[in-house]
Structure formats: C-alpha cells, structure tokens
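Start from chain A and add chain B according to the hints.
Number of protein chains: 2
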Amino acid sequence: MKAVILAAGLGTRMGTSIPKPLVKVAGREIIFRTMKMLSEYVDEFIVVAGKNKDKLDSFLRGKFNYRMIENPAPERGNGYSFYLTKGIAGEKFILVMGDHVYEVDFIKKAVKGEGLIGDAKPAYVDVDEATKVKCRDGRVFEIGKNLESFDFVDTGFFVLTSEIYEHAEAIVNEKEVVELSEIVRRAKLPVTEVSGYFWMDIDTPQELKRARKALVRSAVKGSGDGYVAKYLNRKISLRLSEFFVDHLTPNQMTAVSFLSGIIASLSLFISIPLAGVLYQISSIIDGCDGEIARASMRRSRIGEYVDSMLDRFADYLFLFLLAYVSNLGIYLWMFLAFAIFGSVMISYSTEKYKAAFYESAYAAIPSLRFLVGKRDERIFVIMIFCLFSLVEPLIILLAIWTNVRVLLTFLVIYKTKRVESREIG
Amino acid sequence: MKAVILAAGLGTRMGTSIPKPLVKVAGREIIFRTMKMLSEYVDEFIVVAGKNKDKLDSFLRGKFNYRMIENPAPERGNGYSFYLTKGIAGEKFILVMGDHVYEVDFIKKAVKGEGLIGDAKPAYVDVDEATKVKCRDGRVFEIGKNLESFDFVDTGFFVLTSEIYEHAEAIVNEKEVVELSEIVRRAKLPVTEVSGYFWMDIDTPQELKRARKALVRSAVKGSGDGYVAKYLNRKISLRLSEFFVDHLTPNQMTAVSFLSGIIASLSLFISIPLAGVLYQISSIIDGCDGEIARASMRRSRIGEYVDSMLDRFADYLFLFLLAYVSNLGIYLWMFLAFAIFGSVMISYSTEKYKAAFYESAYAAIPSLRFLVGKRDERIFVIMIFCLFSLVEPLIILLAIWTNVRVLLTFLVIYKTKRVESREIG
Numbered sequence: 261m262k263a264v265i266l267a268a269g270l271g272t273r274m275g276t277s278i279p280k281p282l283v284k285v286a287g288r289e290i291i292f293r294t295m296k297m298l299s300e301y302v303d304e305f306i307v308v309a310g311k312n313k314d315k316l317d318s319f320l321r322g323k324f325n326y327r328m329i330e331n332p333a334p335e336r337g338n339g340y341s342f343y344l345t346k347g348i349a350g351e352k353f354i355l356v357m358g359d360h361v362y363e364v365d366f367i368k369k370a371v372k373g374e375g376l377i378g379d380a381k382p383a384y385v386d387v388d389e390a391t392k393v394k395c396r397d398g399r400v401f402e403i404g405k406n407l408e409s410f411d412f413v414d415t416g417f418f419v420l421t422s423e424i425y426e427h428a429e430a431i432v433n434e435k436e437v438v439e440l441s442e443i444v445r446r447a448k449l450p451v452t453e454v455s456g457y458f459w460m461d462i463d464t465p466q467e468l469k470r471a472r473k474a475l476v477r478s479a480v481k482g483s484g485d486g487y488v489a490k491y492l493n494r495k496i497s498l499r500l501s502e503f504f505v506d507h508l509t510p511n512q513m514t515a516v517s518f519l520s521g522i523i524a525s526l527s528l529f530i531s532i533p534l535a536g537v538l539y540q541i542s543s544i545i546d547g548c549d550g551e552i553a554r555a556s557m558r559r560s561r562i563g564e565y566v567d568s569m570l571d572r573f574a575d576y577l578f579l580f581l582l583a584y585v586s587n588l589g590i591y592l593w594m595f596l597a598f599a600i601f602g603s604v605m606i607s608y609s610t611e612k613y614k615a616a617f618y619e620s621a622y623a624a625i626p627s628l629r630f631l632v633g634k635r636d637e638r639i640f641v642i643m644i645f646c647l648f649s650l651v652e653p654l655i656i657l658l659a660i661w662t663n664v665r666v667l668l669t670f671l672v673i674y675k676t677k678r679v680e681s682r683e684i685g
Numbered sequence: 261m262k263a264v265i266l267a268a269g270l271g272t273r274m275g276t277s278i279p280k281p282l283v284k285v286a287g288r289e290i291i292f293r294t295m296k297m298l299s300e301y302v303d304e305f306i307v308v309a310g311k312n313k314d315k316l317d318s319f320l321r322g323k324f325n326y327r328m329i330e331n332p333a334p335e336r337g338n339g340y341s342f343y344l345t346k347g348i349a350g351e352k353f354i355l356v357m358g359d360h361v362y363e364v365d366f367i368k369k370a371v372k373g374e375g376l377i378g379d380a381k382p383a384y385v386d387v388d389e390a391t392k393v394k395c396r397d398g399r400v401f402e403i404g405k406n407l408e409s410f411d412f413v414d415t416g417f418f419v420l421t422s423e424i425y426e427h428a429e430a431i432v433n434e435k436e437v438v439e440l441s442e443i444v445r446r447a448k449l450p451v452t453e454v455s456g457y458f459w460m461d462i463d464t465p466q467e468l469k470r471a472r473k474a475l476v477r478s479a480v481k482g483s484g485d486g487y488v489a490k491y492l493n494r495k496i497s498l499r500l501s502e503f504f505v506d507h508l509t510p511n512q513m514t515a516v517s518f519l520s521g522i523i524a525s526l527s528l529f530i531s532i533p534l535a536g537v538l539y540q541i542s543s544i545i546d547g548c549d550g551e552i553a554r555a556s557m558r559r560s561r562i563g564e565y566v567d568s569m570l571d572r573f574a575d576y577l578f579l580f581l582l583a584y585v586s587n588l589g590i591y592l593w594m595f596l597a598f599a600i601f602g603s604v605m606i607s608y609s610t611e612k613y614k615a616a617f618y619e620s621a622y623a624a625i626p627s628l629r630f631l632v633g634k635r636d637e638r639i640f641v642i643m644i645f646c647l648f649s650l651v652e653p654l655i656i657l658l659a660i661w662t663n664v665r666v667l668l669t670f671l672v673i674y675k676t677k678r679v680e681s682r683e684i685g
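So the protein lines, in turn, are chains A and B.
Using the working numbering, you'd call the opening residue of the first sequence number 261 and step up by one each time.
Using the working numbering, you'd call the opening residue of the second sequence number 261 and step up by one each time.
Hints may contain errors.
If several chains are the same, the list does not tell them apart, and a pair holds so long as it fits within one copy or across any two.
[Unchecked claim] Here are the simulated lysine-lysine pairs, DSS-like style, with alpha carbons at most 30 angstroms apart:
id, residue 1, residue 2
1, 448, 435
2, 323, 675
3, 368, 614
4, 368, 352
5, 675, 296
6, 435, 352
7, 372, 352
8, 405, 284
9, 435, 313
10, 435, 262
Read the hints as simulated data drawn from the structure, not as lab findings.
Chain A with its partners taken away, still in its complex shape:
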C-alpha cells in the first residue's frame, strides 16, 4: 500500500522558518513520526511539497522510500496538492496530513478503517478550529469548520480508493482554490470512527507544547512499574522528561541516571540520610530515559540492555558501600550477601522469564505485579531507613524481603506455566 502525505503547508503561525512537517514535537519531526509509524503498513510514500520541497527532500533522503511531488501552485489549496498525486497512488491508499501528530495506537486502528477517519470525542484538539463532519448513512454529508451540529472531527487521516480522483478532477476544473474537504463531501466518503486516542493538528507553539506533554505522558510503559513508580516517581519523572525530551537523547539520559546513582552511592561517605535521598532521586531520574525514548520514537534494544545492566551495578554499589561505611560485623555481612543476591535475582527472575518465553513476565502473568520488591519500591524503602540511619535493620529486611520475593516469583511462574508449556517438544 502507498501513502500520500500533504506537506505543502507553510506553518506561518508557528513563528519559525522551519516547514511545519519538520517541526520537532517531543524530539521528533512531525512528518518523521507519521512516516515511521506508517512504514509498517506502507511500502512507498508520496510526499506533496510546496516551496519547502528542498528542505523536506534533504531531511527525508535515506530515511524512507518516498517520491516527492512538487505543487507549483500551493495557493490553489490542499485539494489541489492532493489532485497532483492522481495516477500514482494505486488502487487503495492512505492520505494523511503532514502537520498532524498521532500516537501509534491511533495509526494501528486508522489503517484498518475506510474513507475518512473521524474522532467522535477528540480530547486534545481545539474543536472550534477543527474540521467537523456530519454523516448520513455512515457517509460524509456535510464537512466544514462552522457546522453547528456534527458527528465527528476530521482527523486528517483517510483510507481511500482511486475513484476519489474523479471528484477531485471535477472540482479542479471548476475552481481555482480546491479544498480537500470539498472533494471529501462530493465523494460522499464513508466514515470510520477511531476515538479516544491522542492526535492533534499543530498550528501554534501552544499546541506544540500540548502535543509534547501528551506524547511524553503516553510514553509510560507501565507493566513493570512498582507502586512507588506508579504513584510517586512517574509524576515527577514525566515533568522532567517533558523538559528534557527536546534536549537530551535517551542514551544521554541513561548516563545522567547512572551518574546520579554513583553520586548517591559515593555520598554515603558524607551522610547516610543524604545518600538515601539522592538514591531515591536517582530512582526517579531512572524513569526518564525510557519515557524520552518512547516519546521521541528512539527506543532501542541496546538502550534497554545498557540501562538494565547499569541499574544492577548502581544497586550493588549502593548496598556494598552502605555496608562498608557502617562498619558491619561478620553476621551483617552475611545478611548483605543475601541482600545482594536477592536484589539481582529479582531482576534475573523476570528477565530470564522473558529470555525463555519471549514475552514480558508482568504482562503475561499480571499477578506478579502485586509482588512488592521492584527496584523503585526497594529504593524507596532504602531511603526511609537511611533517613534514620537504620542500616542494620535495613540489610536484614532486604536479605529476607528480596529472597522471599524471588521465591514467590519463581513459584508463581512455575505454577502458571508448568501445565501450558508441557510437551512443547
């Protein structure tokens, strides 16, 4: 399937000289986001550009398989831009606006739709400014910005068949300025509802900021989060990520997070309560790399690997130095050995699951989520005990807690998978 992207708009209200499709939202250019998400379904893109053709071309080169069409008369409207793709888009194709931002789940639903994709209750769009659609028998009846009553808001995403070009041609022959909405009305396109997902058209810096916030917030992974991450850390890390997403890469953020863990550990030589607080802060920062990676579409497997390895090193360093600065006796070093083993094994017990079953343990076995002892929870408890310099009870607690948690994880996984994975061969 091919996809037509209308990218001839100038974006004069953005207050920058960058063509609107190339404006970055949460670290990624608007058109890159759409094309990257669509490339799972689309084998060739047809990008209609205006005066911004060269800038778009030099940005897209080498990134996607695309063909560039220049609209020599952008003042004739987006319907005219669309008409220029006649004869090259194929029998069935996608049409999408180059200045709209969508979340990935919207795209997944929308590509399966037919005709105009409409949102019945858009949560992020300024409805006054939006193009509204009134239906009759499941098809477009009226469309425009000033409809008094309407059924859907036009999401700027269409799944079309080539016959729409006949309607486009008729209007092009009649009028100088051709609006896409007029073609849509004349073609009486069917309407498919895709509601409840994030999408926006971006016209102003305020809308850009709103989109960034929404994208960062939709980037929380969730299934591996403990209670402290969910109710405390994420609330802060999301604000940090909103701030950093346009300035730091996920890998840089991982480095910052690791460094903050090292600083927390080394500050044990100064003050145990201070170190506890810094450790909790580093635990909050630790959420940002993943949030930024997902929001800016820069996730990578190696990033996940490095992040997870560094977390284990930082946790080991903190526990070891905590014991070291506290002049523990032999018996407490024995407990420390248990606490260190248990802390690593909590991660091992779920990562080994993923390595064996190729699925997330927390997603596949939801009851595992109730087992308290994930990193965010351990660090929060460590901070509390450090605030009162209760090192010895903390180490005994961790020795027991982490190993009980590992044993329970092991038993829950064994009980759940023993039967279903028998006889796989």
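Coordinates of chain B only, in the frame set by chain A:
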C-alpha cells in the same frame, strides 16, 4: 500439505509385542518423533495401519490431526498399504515410513525436496540391508537391496504428487504382493539428495541402541558451553544421558541435578575437597536435563527457566556456605559480596541480552564464547581450589574474575550492537 505414514509393519525382529512405530527411541515413540517434526509442515496425517490399528489409534488420539486407514491385507506389502491412500492424500504430499527415525535437520531439508529423498553416504545405516537406488538423468532407474553399484540409499522419505497412484494401481492389478520400491521404479521418481544427517530404519534392538546414542549425541546445544563443558563435562554427561533418557524425564533430571548441587554445598560442613569434587559432579549432571529434553523431544520453556533459576540458587548456596565454614574475616566477606554479585551477573548479562534482543548472545556474538567464566568453568576452578582448601585466594579470584568477565561481556555487547541497533524507533 498432507503426509502419508506407512505403519502397518509388525517389527518381528525387535523382540517385543509393541508395534514398531510405537517403540521408544531415546524416550519417544518412533512415529511420534516423525509426526511431531512434520507437524510444522503438515496439516493432516494419513496413517496406514495393519493389525496394530487399535494400538496406534489409542496412542495417537488427541496428539495429532490424523486419519487412520486400515490395510486388511498387510501381507500384500507396503506398496499395497500405500495404494490404499489413493484419492485422499491431495495433489502434493509427503510419504514416510513409520519405522524410520530422523533427526530434525534431515526433515527440514527433506520436505523441500522432490520425489525420493536419497542419502549418498549414510553414516548410521547398515548399507547391506538398505534399499539402494541407481539414477539416470536425476531419476530412479534401478532400486533394490542387492544392487551392485548405486548412487543413493533410500531414506524412506518421499515428496510425491498424486500421479504416482496410477503406477501403484497398475501394479496392484497385476500382482498379489506390491512393493513400494517397484512403484517408485515404474514412476521413475526424481531423486533429491539429502546427505550427512542422522536417520535410520530400526529393525533390531542393536539398531535401537545405536539410534538412541546418535540422538543423544545430536542433542548437545553447544553455543553456551564453556571449555570445561565442551572438553570434559559433555563427554560424561552424554553417557549418563544415554543411560537415563529412557527412564527419567528432563524435569526429573533437573531435580536430580539441583539436589546434587545442594548435597555438594552441604558437604562443605564435612570436607571442602570432597565438596569441591561433588560440586564438579553436579556440574556434569547439570548437562543431562537439556540433553535428555532435546533427545526425547521434551524441551519446554518452563524447564529452561526452572533449570536456570535453580543453578543460581545452588551457586549462591555453595559460595555462601564455603565462606561460612571457612570463618572468613570482614575483608573476605567483602570479596565474597563481589564474587556473588559477579557470579549472578555473568548469567544476567547474557539472559538480559536475550530478553532485549530475542536471540542468544553467544549465537549472535561469537566472540563472547572466548570469555572464560561460564558456570562450568567457574565450578571447575572452584573444585581445583577446594581440593587444596585454598578458600581465601579462591574468593578473591572469583570476585575479580567474575566482575571482569561481566564488564567485558557488557563492553563487547555494547560495541557490537550500539551501531546496528541505533534508531530502531
């Protein structure tokens, strides 16, 4: 695609009353092996049975999608059995003997072939007893047990088209006893060579034993083996597995292996050298569950998970008790903390890789195999030091060795995957 299985033979030379297709080789019935491996390519099996019909039926029920055809006159030969499947096998289908054992890589190649699948240098078959094939222009010219010169040995595996039934019908109308080889010769089947893999037809208890040995030996996984596993442990564990494969399930073998690790650890209270030897023995036994699982086609993801978790527990227990019985001072307990962390992290560093990249680290990055420090290697070194009761140098060595190995693993993985996994999105 469908597959016809000729399973009417009686197996009188096996010295048992069990129908030959139901004889177990390395823990699995011959016909189960073939059908299980073929079920990746085949949607329906057509099993031709003789007097053994009821036994076969009650064994196969619920395991595969099959249709049973009874040959009321098995004395008319295997060609007659085959002829009875006329009209139900489809346009293109597989024909395979129910008393032949194949390794999985043979099947993978053979299903892509055409006509008779021939082996030019069969390594396991008694060639005097085998059916030999002489070709002309890539097709069967002569076939029989007593050919003086020949190009291939008949593997009992065929990929056929329905036109072969015309030749079968002609012979059935001419003769009382119909040999499959005569149909093959008349049809002038094309021949596809698949050489160098394990396959056998099993007629005698001696051949059964030879097949068991070959299947166990082909079951060594390999890519995660250290030097000690490769050059010492596997040589012994394979013999143990040959002995146990017909008696213990892989899970029972995992339990035996874990128990032997616990016994080794507890024997530290008696004698450190003895414990070291027992620990090395448990490391050898640890190879058997995987060997038996693969040889008997009983691999399971949960088996892999449990085995790997229990290894970590056993390793922790041994190191902890070794330190405990040795009355170490504070500083050595510090080194022990490092040694325990490093030991778990060696496994974590490769399992986390598999969880992130969905591929084996050792298979994907072969240079990792040269990093000494896998479990078999650590345990062997632990045994050597224990033999001389050199506990303190051992713990210092492990603290440094394991952590250096983890660091190197981390760096090799980072260096290899940093570039190729950039921008995955």
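First find the shortest C-alpha distance between residue 368 and residue 352 inside one copy, then the shortest across copies, and answer within, between, both or neither for a cut-off of 30 angstroms.
Within one copy only: 17 angstroms inside a chain, 38 angstroms across chains, cut-off 30 angstroms.
Evaluate residue 323 and residue 675 at a C-alpha cut-off of 30 angstroms and name the case that applies: within, between, both or neither.
between (47 angstroms within a copy, 23 angstroms between copies)
At 30 angstroms max between alpha carbons, let me know whether residue 368 reaches residue 614 within a copy, between copies, both or neither.
both (25 angstroms within a copy, 27 angstroms between copies)
Intra/inter-copy verdict for residue 435 and residue 313 if alpha-carbon distance must be at most 30 angstroms:
Close inside one copy (25 angstroms), not across copies (80 angstroms); limit 30 angstroms.
Checking an output row: residue 405 and residue 284, CA cutoff 30 angstroms. Within, between, both or neither?
Classified as within; 26 angstroms inside a copy, 76 angstroms across copies.
Should residue 372 paired with residue 352 be assigned to within, between, both, or neither, using CA atoms and 30 angstroms as the limit?
Cα proximity of residue 372 and residue 352: one copy only (12 angstroms, versus 36 angstroms across).
Using 30 angstroms as the alpha-carbon threshold, which applies to residue 448 and residue 435: within, between, both, or neither?
Within. Shortest intra-copy distance 19 angstroms satisfies the 30 angstroms Cα cut-off; inter-copy 73 angstroms does not.
How would you classify residue 435 and residue 262 at a CA-CA limit of 30 angstroms: within, between, both, or neither?
within (28 angstroms within a copy, 63 angstroms between copies)
For the identical chains here, do residue 435 and residue 352 meet the 30 angstroms Cα criterion within one copy, between copies, both, or neither?
For residue 435 and residue 352, the Cα distance is within 30 angstroms only inside one copy (26 angstroms; across copies 61 angstroms).
Indicate which option fits the pair residue 675, residue 296 if close means a Cα-Cα distance not exceeding 30 angstroms: within, between, both or neither.
between (40 angstroms within a copy, 26 angstroms between copies)
Comparing the model with each earlier hint shows no violations; every hint is respected.
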